[in-house]
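2 protein chains.
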Amino acid sequence: MDTRSQILQIAERLIKTKGYTAFSYHDIAQELGVKNAAIHYHFTNKELLGIAVVERAIQQWDAYRTRLSKEPVLIQLLEFINLYKANQQERQVCLIGAIATQVTGLPPTMGMRLQVLAESIHTYLSHVLEEGKQKEIFSFETSPSQKAFLIISNLAAGLQLARVMGPQVFQEIKSGILKELSVYNYE
Amino acid sequence: MDTRSQILQIAERLIKTKGYTAFSYHDIAQELGVKNAAIHYHFTNKELLGIAVVERAIQQWDAYRTRLSKEPVLIQLLEFINLYKANQQERQVCLIGAIATQVTGLPPTMGMRLQVLAESIHTYLSHVLEEGKQKEIFSFETSPSQKAFLIISNLAAGLQLARVMGPQVFQEIKSGILKELSVYNYE
DNA sequence: AAACTTACTTACTAATTAGTAAGTTTCCAA
DNA sequence: TTGGAAACTTACTAATTAGTAAGTAAGTTT
Numbered sequence: 001m002d003t004r005s006q007i008l009q010i011a012e013r014l015i016k017t018k019g020y021t022a023f024s025y026h027d028i029a030q031e032l033g034v035k036n037a038a039i040h041y042h043f044t045n046k047e048l049l050g051i052a053v054v055e056r057a058i059q060q061w062d063a064y065r066t067r068l069s070k071e072p073v074l075i076q077l078l079e080f081i082n083l084y085k086a087n088q089q090e091r092q093v094c095l096i097g098a099i100a101t102q103v104t105g106l107p108p109t110m111g112m113r114l115q116v117l118a119e120s121i122h123t124y125l126s127h128v129l130e131e132g133k134q135k136e137i138f139s140f141e142t143s144p145s146q147k148a149f150l151i152i153s154n155l156a157a158g159l160q161l162a163r164v165m166g167p168q169v170f171q172e173i174k175s176g177i178l179k180e181l182s183v184y185n186y187e
Numbered sequence: 001m002d003t004r005s006q007i008l009q010i011a012e013r014l015i016k017t018k019g020y021t022a023f024s025y026h027d028i029a030q031e032l033g034v035k036n037a038a039i040h041y042h043f044t045n046k047e048l049l050g051i052a053v054v055e056r057a058i059q060q061w062d063a064y065r066t067r068l069s070k071e072p073v074l075i076q077l078l079e080f081i082n083l084y085k086a087n088q089q090e091r092q093v094c095l096i097g098a099i100a101t102q103v104t105g106l107p108p109t110m111g112m113r114l115q116v117l118a119e120s121i122h123t124y125l126s127h128v129l130e131e132g133k134q135k136e137i138f139s140f141e142t143s144p145s146q147k148a149f150l151i152i153s154n155l156a157a158g159l160q161l162a163r164v165m166g167p168q169v170f171q172e173i174k175s176g177i178l179k180e181l182s183v184y185n186y187e
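Each protein sequence line maps, in turn, to chains A and B.
For the first sequence, position 56 matches number 56 in UniProt numbering, and the numbering has no gaps at all.
For the second sequence, position 142 matches number 142 in UniProt numbering, and the numbering has no gaps at all.
These are calculated hints, taken from the structure and not from any lab test.
One side of the interface only, derived from the structure: several residues of chain A facing chain B at Cβ under 7 Å: (1) 104; (2) 105; (3) 146; (4) 172.
Have a look at the derived ranges for each label pair, beta carbon to beta carbon: (5) B/75 <-> A/171: 29 to 37 Å; (6) A/83 <-> B/5: 40 to 48 Å; (7) A/48 <-> B/68: 46 to 54 Å.
Beyond 12 Å from chain A on every Cβ pair, some chain B residues (computed): (8) 1; (9) 6; (10) 31; (11) 61; (12) 66; (13) 68; (14) 79; (15) 124; (16) 130.
All residues carry an ideal CB built from backbone N, CA and C; glycine is no exception.
From just these sequences and the hints, can you work out the full model?
Set out below in structure tokens:
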């Protein structure tokens, strides 16, 4: 993998563990075994790096949801939850939560691109829920859009609560989501 | 109000808007119209200030839940939601979400005290839900503890999503929570 | 009135930060 | 084989950061 991609990968991990303001070019440089200025060569300033991290997340999400969309809705839901579970296992939060809590003091463009990501995720999950409801695989009383907001917020804050209260909280939230959708016998 | 309390109040607001790492002693000093060192007089270092902010939040929460516990369960739930709504109106996130997303790089004591706060909130809401279920005011299929985790995560991440996607998202989440509890005709 | 405390200010240090400018190495293409 | 671009390093700057030490003014206690 090329250095540019490695920088983006490390930056994303740092944002999801310490937050955007808390990580420095030095952190990335040290981990890559290069000098500070090498990071500046690839990303002139921190704002550009931050935006590129969100942009990369959008691309990866687009690829992921395109691939997933060919699967049955139940698999799509479980795999969606697993995306968050993977973060939990590394004690990370999701990118949206990590940036949203600091967004007031961040470059506006980061907020705008994050909105695009959040809306894409919400739209995708809404469709999955709608199809699942129609096919009687999921059961819920709210609209698919509203239910999508509820589930996304469960997962996002589930990661945050798990950091503070322990990993079992995420498991409780995950099984709660599925129970409320009347989904049983998974994995 | 004395200076110490004012510092804590400003610090909490800054944590809930920009995050712990992003605010400086200078930010507080400027807003109070005093010099940098005046803040250090009251809180020798940033770690002590951070812990004091969480400690104050625990005290305020204890007072609030004690007062609320005399009300009917439906009022208790609606007032609990209103605590988050108040944050939303100022474009802030909740203290737990704000700190949890950065907790990996923060003084361990802050994480420990935040855990106490989070557990107290969860215990309180669990009791409210349990009583409400028993009295058939709320309806839900999971355990009260599990439902409490779901609702807390809805509200915490609801604030974060509202920052990125707009305030209507918080409203959607709020009405979704109530609908799933079969609570109608509120306010 | 003297001693002491509270709540600061002034003036500083050391470390870290993002960011830049100029030079260097390595590889590839004409 | 020479020219140039890509990917750096070296060496620096300016700003911001947390934190400290010494001094001061106002009030409070003895």
